[in-house]
Amino acid sequence: MSLLDYFRKSKPKSAAIAKERLQILVAHERTIRNRRPSYLPQLQKELLDVIRKYVNVDQDAISVNFEQDENQETLELNIVLPDYQQENKSVNM
Amino acid sequence: MARIIVVTSGKGGVGKTTTSAAIAMGLAKRGHKTAVIDFDVGLRNLDLIMGCERRVVYDFVNVINGEASLNQALIRDKNCNQLYILPASQTRDKDALTLEGVGRVLEELSRDFQYIVCDSPAGIEKGAYLALYYADDAFVVTNPEVSSVRDSDRMLGILASKSRRAEQNEDPVKEYLLLTRYDPSRVKSGEMLGLDDVQDILSLQLLGIIPESKSVLSASNAGIPVILDEKSEAGQAYEDVVARYLGEDRPLRFIDDKRGFFRKLFGGRS
Chain A
1 MSLLDYFRKS KPKSAAIAKE RLQILVAHER TIRNRRPSYL PQLQKELLDV
51 IRKYVNVDQD AISVNFEQDE NQETLELNIV LPDYQQENKS VNM
Chain B
1001 MARIIVVTSG KGGVGKTTTS AAIAMGLAKR GHKTAVIDFD VGLRNLDLIM
1051 GCERRVVYDF VNVINGEASL NQALIRDKNC NQLYILPASQ TRDKDALTLE
1101 GVGRVLEELS RDFQYIVCDS PAGIEKGAYL ALYYADDAFV VTNPEVSSVR
1151 DSDRMLGILA SKSRRAEQNE DPVKEYLLLT RYDPSRVKSG EMLGLDDVQD
1201 ILSLQLLGII PESKSVLSAS NAGIPVILDE KSEAGQAYED VVARYLGEDR
1251 PLRFIDDKRG FFRKLFGGRS
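Protein chains in written order, with my numbering: chain A, 1 to 93; chain B, 1001 to 1270.
Read the hints as simulated data drawn from the structure, not as lab findings. Here the structure is a predicted model, which means the values were calculated and not measured.
Result set (DSBU-like, lysine-lysine): computed pairs, CA atoms no more than 30 Å apart in a straight line:
#1 B:Lys1214 <-> B:Lys1078
#2 A:Lys13 <-> B:Lys1188
#3 B:Lys1258 <-> B:Lys1188
#4 B:Lys1258 <-> B:Lys1231
#5 B:Lys1258 <-> A:Lys19
#6 B:Lys1231 <-> B:Lys1188
#7 B:Lys1162 <-> B:Lys1126
#8 B:Lys1258 <-> B:Lys1011
#9 B:Lys1162 <-> A:Lys19
#10 B:Lys1033 <-> B:Lys1078
#11 B:Lys1011 <-> B:Lys1174
#12 B:Lys1011 <-> A:Lys19
#13 B:Lys1162 <-> B:Lys1033
#14 B:Lys1029 <-> B:Lys1174
#15 B:Lys1126 <-> B:Lys1174
#16 B:Lys1033 <-> B:Lys1231
#17 B:Lys1078 <-> B:Lys1231
#18 B:Lys1214 <-> A:Lys19
#19 B:Lys1174 <-> A:Lys19
#20 B:Lys1214 <-> B:Lys1029
#21 B:Lys1029 <-> B:Lys1078
#22 B:Lys1214 <-> B:Lys1011
#23 B:Lys1033 <-> B:Lys1174
#24 B:Lys1011 <-> B:Lys1188
#25 A:Lys19 <-> B:Lys1188
#26 B:Lys1258 <-> A:Lys13
#27 B:Lys1033 <-> B:Lys1126
#28 B:Lys1214 <-> B:Lys1188
#29 B:Lys1011 <-> A:Lys13
#30 B:Lys1162 <-> B:Lys1011
#31 A:Lys13 <-> B:Lys1214
#32 B:Lys1011 <-> B:Lys1029
#33 A:Lys45 <-> B:Lys1162
Work out the full structure, taking the sequences as your base and the hints as a guide.
As structure tokens, this is what we get:
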């Protein structure tokens, strides 16, 4: 700080203002980014139960993905079915 | 297997290419075979900073399209024979890069190199996404300035959700902070965000602070990575960055106001 600054030091430092603005903004943007519907795990479990009624799939054969952009939300559902041919073979033998 | 490093920031003009050139040279000088790739298709600049712009024959897009082999496109650095540059294409648009094509090139490089440094373009579009997708480590280059810190935080979100490691549920990309264009005297007088301010927001592992330095412009004028200017503060600070990345313990330098008594008294700028 210079000698001259002592005579005009009443105004707040700009870096402090910058930090405060950033903290508010970044916290806000992080909550938007991390907003995932809370029903996802339950949805995944129930879907798995339904699918297992018909096909024998593993626990990790199903994945549910939620993505959010500025103006749209996407729910992506991926189910890996067991290898059909191999299962047939084992039945035939 | 190579370690893949992405140098990223979101915001433009913060020092990504300067950093890519410096750390690639630093790693190579220590004997690690290193490749540095320019992902900024259409606006290539790494070749200029590395001083090899007149030796570019083939580029990254040529290799992806199978028009040239990797060996034909890689340019060996004139200062260090452990360092190779893969330039970006000047003429194509950014759609010339594909996720699959980039993956193939990185895999081929991985067989032969220890470190691969990916110099990301600015922004959060395709080029930036492809540069970070396969990364193991991310150097987040940040200026002590509001828009840069905000963009860095945004990039951290993308690294945590869109990278290959995130998609495949592997260990997350290791994120490091590199604070560049730091001016200790302005931090001291309260007109620039300091290291602690930035860390209160980003809280990353700090790799280093690069002070604002005239030698960075001189180095790019000459086409020599600034890390080779061993007398300059920026060069030494980058040397520390490489050492810390490789696990050495180095105290922070160049973060104190070093202006002389009279300058401090009268508030003159250095």
